Amino acid sequence: MVPTPNNLVYERPEGFTDAPTHYCPGCTHGIAHRLVAEVLEEMGVLDKTIGVAPVGCAVFAYNYFDTDFVEAPHGRAPAMATGIKRVLPDRVVFTYQGDGDLASIGMGEIVHAAARGENITVIFINNANFGMTGGQMAPTTLPGMKTTSSPNGRDVETQGYPIRTSELLATLDGAGYVVRRSLHDPKNIRMAKKAIRLAFETQVRGLGFSMVELLSTCPTNWNLTPVESLKFVGDKMAAYFPLGDYKISSGVAQIKV
Amino acid sequence: MQKEIIIAGFGGQGVLFGGQVLTFAAMDAGKEVTWIPSYGPEMRGGTANCTIVIADDEIGSPLVKNPPLAIALNLPSFDKYEDELQTGGTLVVNKSMVDRGPKRSDIKVIFVPCNEIAEEIGDRKLLNMVAIGALLSVLPELTLKDVETALEAHMPERHKNLLPKNIEALKRGYEAAKVQ
Amino acid sequence: MTRELWEGNQAIAEAAVRAGLEAYFGYPITPQTEILEYLSRRMPELGRAFVQAESELGAINMVYGAACAGVRVMSTSSSPGVSLMMEGISYIAGTEIPMVLVNVMRGGPGLGNIAPSQGDYNQAVHGGGHGDYPRIVLAPASVQEAVDLTMLSFDLAEKYRMVTMIIADGCIGQMMEPIQFPEMKPVVRKDWDWATNGKMGKRERRLLTSIYLDPYEEEKTNLRLLERWKQIQANEVRYKEYFMEDAEYVVIGFGTAGRVSLSAVRAARQEGIKVGLLRPVTVSPFPSGAIEDLAKRVSGMLVVEMNSGQMLEDVRLAVKGRVPVEFYGRMGGVVPFPDEVLGEIHRMASGKITADINPRDAWYERMVAMK
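Residue numbers (the numbering used here), protein chains in the order written: chain A, 8 to 264; chain B, 815 to 994; chain C, 73 to 443.
Just so you know, these hints were derived from the structure itself, not from any lab. Quick caveat, the model's predicted, so the values are computed rather than measured. Hints should not be assumed to be uniformly reliable.
Said to hold, decoys possible - In silico DSS-like pairs for lysine-lysine, Cα to Cα no more than 25 Å straight-line:
(1) C/Lys424 to C/Lys392
(2) B/Lys879 to B/Lys922
(3) B/Lys817 to B/Lys879
(4) A/Lys55 to C/Lys274
(5) A/Lys55 to C/Lys271
(6) B/Lys879 to C/Lys271
(7) C/Lys443 to B/Lys894
(8) B/Lys985 to B/Lys974
Please take these sequences and the hints and turn them into a complete structure.
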């Protein structure tokens, strides 16, 4: 059937290039990408957006968004974004980072970007492991969860506890908008999109640092089917990493979208 | 022509600023000049020193091992620079802060009671200017007038009211050294 | 023009401002903190970007971001901090974008001390970050030269899209000398065809990255860098010569070691020794051609450094064994006095030198014997 405006129900957002993504089947990176692209398109800011890609599974994010992009060293995306935003304050600057990148090697950069109240938006993918290098333990790996570097399950006695990054960053006065959402079902995906919109609105209004943490799947490294993975996110991950709003500054609270 | 001068004393005795006054004067007199401090933890109250090199041509080393001229504002500096001075050199010593005479006879040591003279003028902090004045008596490359002019030109505006006393301190030091 | 008395660090900062510096990112570390302090006041006063970063890692990656945006950007640090920046420097080199970094070197390795040193020569000139990349390295020997080279560094960095470093040391950074500043250049946002500053309705999207997953593509990039490096070697070598007309011997030293050697060379000349001084101003590209030519007409060379003989190897490569090369170095933050260098000139001029001995080994034996 030839698509026409009458029967079209789903199309590639303008914010995307034509490149097919490299993500594994069942991975929610694709959904997160799409939500960001849709929001940038709806806000009409694609033309003035500069993305900062991480090191991790999303390292090729720059191939998929039809905006300018730079590729940061592992964990340093918030510092690079700071450099760009400080010299181009009228542009929209966002980082897209995984949990190894943001919460492990890049914890220093993200904390200080938030503390400085940098007007940047951070999309934070939490899938409880280092995906690209083959499923090692991340700061977000759940207690008891098996990974290739915690083969007997994460032992909190020797390997410590998971870091709840949103809660941590929400304590900083420079943070304007910090929330956790999930991508495990349509309802939560719609809520995630709304949050991403608010995060970018926070930035364009100059209201400080904004971050949306997205609980995501990693079927390949979790050794689960895509459906089982979504259930794992909804049941197990959301239990340890509660969904919710951790910081909505008074300025952000007044934003009407 | 090249002359090297080391000024040394406790932090707070105006060692670094005293050296800068000479440096400004040399610059305004059209000479090449370098000023380099000892830097680091000693800036928090220990001993401080700076080295000034004044020359007609491009200056090589800004540091000197055996200077021909030095000012010692306290006893540790007297001990150190009496040893290190060149044969035939001159050492200006703040008599107010030392309790011994010279050990070497192959150098000239000029004792000036810098603290007392500064107090007579009415500002203890001027002891460095008294010592600089004394040094000028053995530094023909710079005149008292050069240093006065430099002070006037480079003193921060908020301190300009202190100018007359600074000039008096320079002169008193110069005279005290001249008679020795 | 009037001469002004400036401390090296502050002069470097003001020179960068006058060169059109639009953004500065740094972290405090002795003996260069005055640059950061000066710019923390000066940049906001001019409406330009200044951030005291959380670490040198943060600082260099902020530089990376601003450099991608196509503006004149700089960071400054001292040895341990520069080590921390090496990751970012390699990425910036791989991304082929301009940036300026000043290293006011101090004694090392490790935490070392805060005294003047040239121990980071190899890190700056030959090594540092991972991977194959050339870089421009300038070595001032005075406050005026620090000002002039800071101005120049931005032009070179942009012209060749290359990491440009200035290696000074605590001596240059803390010293005051009379200088003349060049005129303030206006900030000009050039319309680079590579900058990621937003499409703004005018062009296709751009990507700046140092990733080339295909090794053949990466090798092409390596070759492209080398092609630019060849141009730099042909056009940008700078050095200064003193007393060279009739010189039978030559001393070679950069930065502070170079100016200390000038005092020694002058003293030797007064004694009638026909010795000259060559002071590299660019240590990368290195003045190999000039040194090779000298090797054809002098009887011996003495390399003086505030390290264990790092530039020495570049001199030996240029000399190709034609004449004996001697070495004198002080390490760990010790600045040599002119009389030490004069002693080495005496030894060289006495004719008891040979090209058959490794100069570093011979120097090491003398150092051990001296202690």
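Results for each hint:
1. Distance restraint check for C/Lys424 and C/Lys392: the Cα-Cα separation of roughly 20 Å lies within the 25 Å cut-off, and the hinted pair is therefore satisfied.
2. Only pairs whose Cα atoms come within 25 Å are accepted, and B/Lys879 paired with B/Lys922 is accepted, the gap being roughly 18 Å.
3. Taken as a hint, the B/Lys817 and B/Lys879 pair is honoured in the structure, with Cα atoms around 13 Å apart against an allowance of 25 Å.
4. Proximity of A/Lys55 to C/Lys274 is assessed by CA-CA distance (about 11 Å); at most 25 Å being required, the pair is judged to hold.
5. Of the pairs offered as hints, the one joining A/Lys55 and C/Lys271 holds, with about 6 Å between alpha carbons and a cut-off of 25 Å not exceeded.
6. Restraint check: the Cα-Cα separation between B/Lys879 and C/Lys271 comes to about 61 Å, which exceeds 25 Å; the hinted pair is violated.
7. With a C-alpha separation of about 22 Å, the suggested pair C/Lys443 and B/Lys894 falls inside the 25 Å cut-off, and the hint holds.
8. Taking the CA atoms of B/Lys985 and B/Lys974, the gap is about 18 Å. The hint holds against a cut of 25 Å.
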